[in-house]
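Residue numbers (numbering that gives the first Met the number 0), protein chains in the order written: chain A, 0 to 215; chain B, 0 to 215; chain C, 0 to 215.
Just so you know, the hints here were simulated from the structure itself, not pulled from any lab data.
The beta carbon of each residue, even a glycine, is placed where N, CA and C say it ideally should be.
Hints may contain errors.
Listed next, the stretches of chain C that the computed footprint assigns to chain A, with coverage defined by at least 3 CB atoms under 8 Å from CB atoms of chain A [unchecked claim]:
1) 23 to 32
2) 49 to 59
3) 65 to 75
4) 137 to 147
5) 176 to 187
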Amino acid sequence: MESQGLFLFIEVAAVIVSAVSGMIKAAEKKMDLVGTYSIALLVSFGGGTLRDILLNRRPFFWVENEVYLFIVLLMAIAFVYVPVVHKLAKVLYTRSNTIDAIGLGLFSIAGLFAALNMGMPLFSSSLMGVITGVAGGVFRDVVINEIPVIFRYTGGLYAVASFAGCWLCILLVVIFEAPFIGFISGTSMIVALRLLSIYWGLQLPRPLWVTDEDEK
Amino acid sequence: MESQGLFLFIEVAAVIVSAVSGMIKAAEKKMDLVGTYSIALLVSFGGGTLRDILLNRRPFFWVENEVYLFIVLLMAIAFVYVPVVHKLAKVLYTRSNTIDAIGLGLFSIAGLFAALNMGMPLFSSSLMGVITGVAGGVFRDVVINEIPVIFRYTGGLYAVASFAGCWLCILLVVIFEAPFIGFISGTSMIVALRLLSIYWGLQLPRPLWVTDEDEK
Amino acid sequence: MESQGLFLFIEVAAVIVSAVSGMIKAAEKKMDLVGTYSIALLVSFGGGTLRDILLNRRPFFWVENEVYLFIVLLMAIAFVYVPVVHKLAKVLYTRSNTIDAIGLGLFSIAGLFAALNMGMPLFSSSLMGVITGVAGGVFRDVVINEIPVIFRYTGGLYAVASFAGCWLCILLVVIFEAPFIGFISGTSMIVALRLLSIYWGLQLPRPLWVTDEDEK
Numbered sequence: 000m001e002s003q004g005l006f007l008f009i010e011v012a013a014v015i016v017s018a019v020s021g022m023i024k025a026a027e028k029k030m031d032l033v034g035t036y037s038i039a040l041l042v043s044f045g046g047g048t049l050r051d052i053l054l055n056r057r058p059f060f061w062v063e064n065e066v067y068l069f070i071v072l073l074m075a076i077a078f079v080y081v082p083v084v085h086k087l088a089k090v091l092y093t094r095s096n097t098i099d100a101i102g103l104g105l106f107s108i109a110g111l112f113a114a115l116n117m118g119m120p121l122f123s124s125s126l127m128g129v130i131t132g133v134a135g136g137v138f139r140d141v142v143i144n145e146i147p148v149i150f151r152y153t154g155g156l157y158a159v160a161s162f163a164g165c166w167l168c169i170l171l172v173v174i175f176e177a178p179f180i181g182f183i184s185g186t187s188m189i190v191a192l193r194l195l196s197i198y199w200g201l202q203l204p205r206p207l208w209v210t211d212e213d214e215k
Numbered sequence: 000m001e002s003q004g005l006f007l008f009i010e011v012a013a014v015i016v017s018a019v020s021g022m023i024k025a026a027e028k029k030m031d032l033v034g035t036y037s038i039a040l041l042v043s044f045g046g047g048t049l050r051d052i053l054l055n056r057r058p059f060f061w062v063e064n065e066v067y068l069f070i071v072l073l074m075a076i077a078f079v080y081v082p083v084v085h086k087l088a089k090v091l092y093t094r095s096n097t098i099d100a101i102g103l104g105l106f107s108i109a110g111l112f113a114a115l116n117m118g119m120p121l122f123s124s125s126l127m128g129v130i131t132g133v134a135g136g137v138f139r140d141v142v143i144n145e146i147p148v149i150f151r152y153t154g155g156l157y158a159v160a161s162f163a164g165c166w167l168c169i170l171l172v173v174i175f176e177a178p179f180i181g182f183i184s185g186t187s188m189i190v191a192l193r194l195l196s197i198y199w200g201l202q203l204p205r206p207l208w209v210t211d212e213d214e215k
Numbered sequence: 000m001e002s003q004g005l006f007l008f009i010e011v012a013a014v015i016v017s018a019v020s021g022m023i024k025a026a027e028k029k030m031d032l033v034g035t036y037s038i039a040l041l042v043s044f045g046g047g048t049l050r051d052i053l054l055n056r057r058p059f060f061w062v063e064n065e066v067y068l069f070i071v072l073l074m075a076i077a078f079v080y081v082p083v084v085h086k087l088a089k090v091l092y093t094r095s096n097t098i099d100a101i102g103l104g105l106f107s108i109a110g111l112f113a114a115l116n117m118g119m120p121l122f123s124s125s126l127m128g129v130i131t132g133v134a135g136g137v138f139r140d141v142v143i144n145e146i147p148v149i150f151r152y153t154g155g156l157y158a159v160a161s162f163a164g165c166w167l168c169i170l171l172v173v174i175f176e177a178p179f180i181g182f183i184s185g186t187s188m189i190v191a192l193r194l195l196s197i198y199w200g201l202q203l204p205r206p207l208w209v210t211d212e213d214e215k
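This is chain A alone, in the form it adopts within the complex:
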């Protein structure tokens, strides 16, 4: 009961933060309401939708919970036309690292379990978890004509945090047959790694071809 309420809250928060991140990018690119709404949907639901297409699962999350589509539409209208909401959204977003990290963790582990439950083997399942967590942002960047930010060296751990958390979860599920503990531990690890990479500068070793100059 308690935890269901918590999950719902985090789910709503993750969808909202994802949508806002898409809207801000859309505004930077001088898009209109259509573009703003489209990019918001792409970020919020793109990853889960790609996962469900790959797993051949229906109905989609956003078909079963249509109200989200409607909420994001209202958000987009307010963001595009109401100055105070627009400013608020930007302020919220600059302080949303934690919510974004929780969203990454939650979506990744949810994607992982979806794949495992469909009988996918372990390594594919872990990638499916990562895809669920990160693909929305990749779609956003491809559509606004930029190289996906999570493929760049700067910006901290994102896909890697998701991958590590998925494997922690897999180990706990497979070895100890403890799905709930796996879920909590995996999500926590993703959130922790993501936030550590932002605040402490934790990152992967530098690729051979990146110089000091590339990092600005």
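Assemble the complex: chain A is given as a structure, and chains B and C must be docked to it using the hints.
This is chains B and C only, laid out in the frame that chain A set:
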């Protein structure tokens, strides 16, 4: 009988106009025959294909009506290599607003009914209608490396026209149980809104972040 | 027995060459390990995955043969962090035209048979063969924000070689009911056309809009 013939004519015309719009973009980007044909197919069949993937429907429109694939191939060859066809296509295209609008209307409402018939809820179905009508053009722009034109403020109503027409159709279908009237009214509304936005400058209110300068 | 071993070798070689081609592009764009691995997977498995989505086939090649995902991950790590491997991969790649061509041929004909076996009509099946052979490279170029190289006039025959080989195979299968001969002949034709276009400059006639200057 009469109306079937009319539908077929409009379907053929919509496919041809979509294909030509893709070819012209491909030529602007100095693509070759392969690129020209690919972009033409993407514009003509991309939206319906995405819809069918999302709805898990098979076979695709272009598998059941393979002849379209072949027609578009012949068109692409002629467009790329025969000067008179190339010029004709460009002239046709500059005068094709009406056909393009009818295509948008027809494809949108067809997508809407496909979703409703699969038991999708109303709001998702309306978005599925919009996706069917507009996604081909979005794919084209993503592949030729431009920000999708329907996401920009200039250019008039496009997705919005489709959305409004889909909802008129839904209302008529749900309240009055009149699919045929819904089909005719929805399509007409989309065509009307699209053409009004082109010829009378009808458009959405300007987003907060767009200035006079941005509009050129 | 013999030929199975040969097929496995070519399959492995084609996956590796595809992955390396993706990694080199990722390095050019200064991506990190995540980007390098993602682009490598996209090139190696994107075409087959799109085909299976269009054909509604599961499980995917890379789910059934998960070990490839793992091999490509190890390759990406070595490519990003081990100087000697990085250099070796670049040298290998500049000499890999033949392997790449065999990969194109093999993947195309495999895609063609997959479509024919699902009962798809002939023309759609031939396009499905081409998509399987070339879509991975198109995805790579879209994500790294370039116009797909196979849509440009320079670069020789690629999709066209695949298309021609698929049709040779279809003719042999349909007229002579000789799948194995079709497979061998189709693949050979693709490889031959691809290599002839590279070494002898065989190409399509120049589109109307391409001038001497465009060709550099």
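Against which earlier hints does the structure fall short, listed by number upward? 5
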